[in-house]
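J.: Below, each chain spelled out in residue letters.
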Amino acid sequence: MDDTLTYPSRMLLWAVIARRATAVTDQDAAAVARARDGDEAAFEALVSRHEREVFNLAWRMLGNREDALDAAQETFLRVFRSLASFRGDATFRTWLTGIAINVCRNRLVSVEVRARRAAVPLVSEDAATGEAVELPLPDPAPGPDATARGTELRRALERALAALSPEHREILLLHEMQGLSYDELTATLGCRLGTVKSRLARAREALRGLLEGVWP
Amino acid sequence: MRCEEFLRELDESGRAASPEARAHVQGCPSCARAAESWQAVRSELQAMGEEAPPPFLHARVMAHVRADAKSPQREAWWARVPRWAWAGQALAVLLGVTLAGWGLWQGRMSRQPGEALVAVKAAPQVSHDFEKRSLGEEQRRERAMPGAEAPVNEAPAVPPRAASRQSPKGLRGAPPPTAAVVAAAEPVADGGAAGVMGGVPAPASVAPVEADAERARAEGEQAAKDERIYAEELRVTAGSQTVEASRDQAAATGAPASSDTGMPVLGAAKSKICDIKRERPVLACVATRLDAPGRVAFWLTDDLAPGPGEAIVLDVAHDGAVTVAGDRGRDKARADVLAARLRDMRLPPGRYRLTRADP
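Top to bottom, those sequences are chains A and B. Using our numbering, the letters of the first sequence map in sequence onto residues 1303 to 1518. Using our numbering, the letters of the second sequence map in sequence onto residues 15 to 373.
Okay, chain A solo, but in the shape it has when bound (with noise of 0.2 Å):
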């Protein structure tokens, strides 16, 4: 929503965007209210409706795939055993992919408490003189793409989207990956429209800092 629209044609606009919200939880609605009495074949439809935009919101927050299926995993068994708590308030989308976010931020936080312990040192040995030289510890920021689709901006867009703080990444991935509005920010990161656009201002920033002098 644009803050200079005049106050009748917001709500207008509100209106439009409530009826196009419940148009598309429509689709989800009906799939949720069947996998909560225990239809498990509902509960795989929304799996196989979901399952790419969380995955790849899992993947570019953490980093790696493995992780990322993890997270994905974990992520469809919360909704699952919390189907019973989801009042509607929001849109399913909305609601999964706020528990989505949160998961990844778990295991966020898990990653770098692991990495300040420095716990995995690769350890390896002289052959000649049988000493242990220590290699350098993983960098926790990913790597190239696991299936290298080879362009140059996917990979400077890889190293720029790690090297942001979490805060500017899951934003800048719900927006314009993702495609989620304002409202739905607002509602999936629970603050207020403000802190929505200043925050994304400031991921954009960020992130066009970091791809300047190597993108383009």
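In short, the hints are calculated from the structure, not lab data. Note that this is a predicted model, so its numbers are computed, not measured. Possibly wrong hints are sitting among the right ones.
As the list claims (entries may be wrong) - Covered stretches of chain B (chain A as the covering partner; in silico rule of three or more C-beta atoms under 8 Å from a C-beta of chain A):
#1 21-29
#2 66-74
#3 112-121
Unchecked claim - One side only, chain B facing chain A, incomplete, derived with CB under 10 Å:
#4 Ser51
#5 Trp98
#6 Leu105
Backbone N, C-alpha and C fix where the C-beta goes; we use that ideal spot for every residue, glycine too.
Starting from the known structure of chain A, arrange chain B on it as the hints suggest.
T.: What follows is chain B alone, placed relative to chain A:
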């Protein structure tokens, strides 16, 4: 519009939205390039969201969901507790509160000036000694002295349990403390308590200093021995440590156990540690260079690690890409996951043979 204002609008809205911004772009090549590159970034971000997840993700999620649906833990924890257990717990809490209140009331009723210090100092020692002392020692004490007067070379043998029971009565009936009682009770364990509990002023020689020192030394040795036993149990118990705890321990001891290969196995006497948080066993593995000297040791989960006696050949390219060769490479899904994991470790380029550290 200046360039800084244009870039600010670009950051705030993600595009050149206002007429002023669009006009500025027409006349400023630098800002036009910034807008164009930002649009390319947005397109690339959207493309990132279109990557297909591995096919086994769906199956894995549904397998866990089905298992969870059948699990008794699906119930809320409080619903699984039987009613009689709730009643028992409520009764226990009520009893505890009642006893605590009665104890406080008794203490308040029986306290007199000068006695409080003796009672407070004596009581904790009684319970502490009771837990630490052996049965034989208790029996010796019981045989030695049931009364209030202590022999010269031996602490009064009133059993701590008896002493604690006698505590309130003894204090209530005790005469005003004499200087001897107070002086004897302060540095002494149950000797002083026994003297006060009996209600009779104890002689000054109620607990010789040498006997107390010897007892304290024995207790300290026993406590140190208990600590060593506990630490040893903690170290060797599989499944009770996280990988991090085992590594911290290795760092603290400075001498991790070595595997049969002679390579230091990080953190533990056993090569198989259960990571409680991930609920998946991790195995120590070794990647031996085939084209140059050197070996690398690291941890892999059991679904990625080579099987017992199995050797997986890996090729690490200069750009960090990892290729899994051989039979394992034919299982593309697992090979992809393994390659991704190894790529994150940033192995030096080369060819490796990956095996378990403890075959």
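J.: Hint by hint, say whether it matches the structure.
T.: Verification of the hints:
no.	hint	in the structure
1	21-29	holds (count 6)
2	66-74	holds (count 6)
3	112-121	violated (count 0)
4	Ser51	holds, 5 Å
5	Trp98	violated, 27 Å
6	Leu105	violated, 33 Å
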